[in-house]
Amino acid sequence: MKGRTKRLSWALWALCSLAAGAALADRLVSEPRSRQLFLPGRTTDGHYQIELECAACHTPRFTSADDLQAACISCHGAELAEAKDSHPTSKFTDPRNAERVALLDGRLCITCHAEHRPERTGSMGLSLPGDYCYHCHEDVGTERESHVGLAFDSCASSGCHNFHDNRALYEDYLVQHGSEPWLLSAPLIAKGGPEPARKSSAKALGLGEADGPAFARQETAAWLASAHAEAGVNCSGCHQGTGAGFSPDVPSEVCGTCHAGPTEGWLSGRHGMRVKTGAQPMRVSEARKPMKASAHDSELSCSSCHGNHGTETERAALEACEACHDDEHTRAYRRSKHFALLMEERSGRIAAGGGVSCASCHLPKRVDEGGRPSTQHNQNDNLRPAEKMIRTACQSCHGLPFSIDSLADRALAQRNFDRAPSAHVLSVDFALERAK
Amino acid sequence: MNRPSSDRHESFEKRPPRLRNACLASVAVAASLGALGCGEKAGGITPQQMTDALHAVMESDRTVYTKNVVNRLQNKENVIKASEHWEDDKALPLPAQMFRMGAEMVATKKAGFTYALLSKWPVNKQNKASTAIETQGLDFVADAKNKGKAFYGEEKLGEKTYFTAVYADTAVVEACITCHNGHKDSPRRDFQLGDVMGGVVIRVPL
Chain F
13 MKGRTKRLSW
23 ALWALCSLAA
33 GAALADRLVS
43 EPRSRQLFLP
53 GRTTDGHYQI
63 ELECAACHTP
73 RFTSADDLQA
83 ACISCHGAEL
93 AEAKDSHPTS
103 KFTDPRNAER
113 VALLDGRLCI
123 TCHAEHRPER
133 TGSMGLSLPG
143 DYCYHCHEDV
153 GTERESHVGL
163 AFDSCASSGC
173 HNFHDNRALY
183 EDYLVQHGSE
193 PWLLSAPLIA
203 KGGPEPARKS
213 SAKALGLGEA
223 DGPAFARQET
233 AAWLASAHAE
243 AGVNCSGCHQ
253 GTGAGFSPDV
263 PSEVCGTCHA
273 GPTEGWLSGR
283 HGMRVKTGAQ
293 PMRVSEARKP
303 MKASAHDSEL
313 SCSSCHGNHG
323 TETERAALEA
333 CEACHDDEHT
343 RAYRRSKHFA
353 LLMEERSGRI
363 AAGGGVSCAS
373 CHLPKRVDEG
383 GRPSTQHNQN
393 DNLRPAEKMI
403 RTACQSCHGL
413 PFSIDSLADR
423 ALAQRNFDRA
433 PSAHVLSVDF
443 ALERAK
Chain B
457 MNRPSSDRHE
467 SFEKRPPRLR
477 NACLASVAVA
487 ASLGALGCGE
497 KAGGITPQQM
507 TDALHAVMES
517 DRTVYTKNVV
527 NRLQNKENVI
537 KASEHWEDDK
547 ALPLPAQMFR
557 MGAEMVATKK
567 AGFTYALLSK
577 WPVNKQNKAS
587 TAIETQGLDF
597 VADAKNKGKA
607 FYGEEKLGEK
617 TYFTAVYADT
627 AVVEACITCH
637 NGHKDSPRRD
647 FQLGDVMGGV
657 VIRVPL
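Chains as they are written, first to last, in our numbering: chain F, 13 to 448; chain B, 457 to 662.
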């Protein structure tokens, strides 16, 4: 009798476990919001937007390090290539580095950057061990006179080095630009000309040729004044139809059919990364950064910044940012010299490129592999660590020593660079001294 | 001297699939060089034949780039400089950089072998010998009495055993020695034309 009860208890336990497992599995598959239950820890700032799209990083071979690495590279590979990554995976796959790899497996991003580990996540929004330089470069601390006695974990935190992106920090560059004044003689941000789009072979369209439905005619004037009408792109070209199929909303994928470069960048950045994974577009209310309550209901798309029909690049470079962002850095912008210069540029008192908008630094101009000018719409590309911004933004106007020191002054960044930096990074001094 | 004895050279069929694939891949390279007779079967290729064939390609390409591109355009015709910071300086990549870029690209392809350019007197300390075989190999090829000879050995790195070959890397044009003798990080500044400046290390997993 006792044995029978025991068997029944076990059966009941198994049944309950199965039912609970099935219920959880159902929620995991069918209801993205419920996946929150399965998160093993708070996700980093860089990934929280897609934390419920588990498959964006975790393939069916859930614990495969190679698969995880492939997922990292699928989103961050282009950024690393553009940064001329100083430590690509291929540096660590050479068997001669086997002993080092046993200490620090540089073949995998997750060796340094652990996800779902809030206790190890630092101020840059990712985890970073302190000793990652030391294992391969410990001799520098004894052989390089200027580096004797420096803390083993100060290589990057001091503002001198960057594991991936040393474009503005390598020694000969410091020597070459180390004597520059705080303001260069021709401080201008490259404008780069119009963004190239896939050309339409159609002729420019007139008012009577718009093929949108009657209820949308009030928008026709804006369309007519835009580059779209001029390029022969009719209403149906973006709104996916003329009659019943007409859609007022234009998904970013549609913009991407002609504006491939900017869209690709946007999809890789904070504004479009959810769309890239197939999730619903990011809503302003879901952001971790402080945002204006008036914008909370907005969803992010190309038109959030560029408007519905025109390109509105001027608005997209400043007012569109301010419409949502409500942090100290953004609020301080209008008290900065950068803003005053932008107003002078807009009024025509100084040359084009003389002003500094949000986009000047966070969505800088670049030249693609084909030599065409474009705007980097992936604002993550030069955001953190701040030194990534030196060549893409600061050095358009400022000398290298001033740029390095300004970015190292965290309080100054919060105040949106309203005065001279109080921080001083020693890297330029070291380089110039050694070059004597 | 750590040279493989004949009994350490197993037949091709006994090798694990990875090496077999690598050897098959090398056949095309080796055959195009004429390193193998037309009638020789792929199954007869030893690791040493494979590394010798690969090195023949590497050395030839490296010499062509050094002489016909860098030395001609920089030193003879004064058209464009070669620079360590070739992108920033709008210049040609240095021959050693060209070689390393190729090695890094091969490393991403899991091609069944790896290679590196190392030296007893490296400009970048990361390119000095880091294993016992590398040290022996670089000493061997730098020794004047071994001129024209390569060094071969086996070593265990991590969990794998490798056939490792080291070939002399020689200063073939003026540009090689002027750069190394004048570089602030170079530990040796008396190189002359024809000197062995380092070694090409090729590894094949066994």
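Honestly, the hints are just simulated from the structure, not real lab data.
Honestly, I wouldn't trust all of these hints.
Now the in silico label distances, taken between C-beta atoms and shown as ranges [unchecked claim]:
no., chain 1, residue 1, chain 2, residue 2, range
1, F, Lys349, B, Asn534, 42 to 50 Å
2, F, Gly142, B, Arg644, 17 to 25 Å
3, F, Val379, B, Glu630, 52 to 60 Å
Covered, in the sense of this in silico footprint (three residues per stretch, anywhere, with C-beta under 8 Å from a C-beta of chain F), are these stretches of chain B [said to hold, decoys possible]:
no., region
4, 538-546
5, 578-586
6, 596-606
Capping the alpha-carbon separation at 25 Å, the derived lysine to any residue pairs in SDA-like fashion look like this [said to hold, decoys possible]:
no., chain 1, residue 1, chain 2, residue 2
7, F, Lys96, B, Lys640
8, B, Lys565, F, Phe414
9, B, Lys640, F, Leu140
10, F, Lys96, F, Ala32
11, B, Lys566, F, Asn320
12, F, Lys448, B, Ser586
13, F, Lys103, B, Gly604
14, B, Lys616, F, Lys96
15, B, Lys581, F, Asp117
16, B, Lys603, B, Glu543
17, F, Lys203, F, Thr105
18, F, Lys18, F, Ala37
19, B, Lys640, F, Cys145
20, B, Lys523, B, Gly500
21, B, Lys565, F, Gly322
22, F, Lys288, F, Glu242
Beta carbons: idealized from backbone N, C-alpha and C, even for Gly.
Going through the hints against the structure:
For the hinted restraint 42 to 50 Å between Lys349(F) and Asn534(B), the CB-CB distance of approximately 45 Å keeps it satisfied. Taking the beta carbon of each, Gly142(F) and Arg644(B) are about 35 Å apart, not inside 17 to 25 Å as hinted. Hint check: Val379(F) to Glu630(B), Cβ distance near 35 Å, so the stated range 52 to 60 Å is violated. For the region 538-546 of chain B, the proposed coverage by chain F is satisfied: 4 residues have a C-beta within less than 8 Å of a C-beta in that chain, meeting the threshold of three.
Given a C-beta distance limit of less than 8 Å, the hint that chain F covers the region 578-586 of chain B holds, as 3 residues qualify and 3 suffice. Only residues whose C-beta sits within less than 8 Å of a C-beta in chain F count toward coverage, and the region 596-606 of chain B has 0 of them, not enough to reach three; the restraint is violated. Among the hinted pairs, Lys96(F) with Lys640(B) is consistent with the structure: their alpha-carbon atoms are about 23 Å apart, no more than 25 Å. Restraint check: the Cα-Cα separation between Lys565(B) and Phe414(F) comes to about 42 Å, which exceeds 25 Å; the hinted pair is violated.
With a CA separation close to 32 Å, the supplied pair Lys640(B) and Leu140(F) exceeds the 25 Å bound. A threshold of 25 Å between alpha carbons decides the hint, and for Lys96(F) with Ala32(F) the separation of about 49 Å lies outside it, so the pair is violated. With a C-alpha separation of about 48 Å, the suggested pair Lys566(B) and Asn320(F) falls outside the 25 Å cut-off, and the hint is violated. Between Lys448(F) and Ser586(B), the direct Cα distance comes to roughly 32 Å. Violation of the 25 Å bound is thereby established for this hinted pair.
Proximity of Lys103(F) to Gly604(B) is assessed by CA-CA distance (about 29 Å); at most 25 Å being required, the pair is judged violated. Distance check on the hinted pair: Lys616(B) and Lys96(F) sit about 31 Å apart at the alpha-carbon level, beyond 25 Å; violated. For the proposed pair Lys581(B) and Asp117(F), the alpha carbon gap of about 20 Å is at most 25 Å, so the pair holds. Taking the CA atoms of Lys603(B) and Glu543(B), the gap is near 36 Å; set against the 25 Å cutoff, the hint is violated.
For the suggested pair Lys203(F) and Thr105(F), the alpha carbons sit about 41 Å apart, so the restraint of at most 25 Å is broken. Taking the CA atoms of Lys18(F) and Ala37(F), the gap is about 28 Å. The hint is violated against a cut of 25 Å. About 23 Å separates the Cα atoms of Lys640(B) and Cys145(F), which keeps this hinted pair within 25 Å; it holds. Distance check on the hinted pair: Lys523(B) and Gly500(B) sit about 35 Å apart at the alpha-carbon level, beyond 25 Å; violated.
For the given pair, Lys565(B) sits about 45 Å from Gly322(F) by alpha-carbon distance, which is inconsistent with the 25 Å threshold. At roughly 30 Å between alpha-carbon atoms, Lys288(F) and Glu242(F) are farther apart than 25 Å, so this suggested pair is violated.
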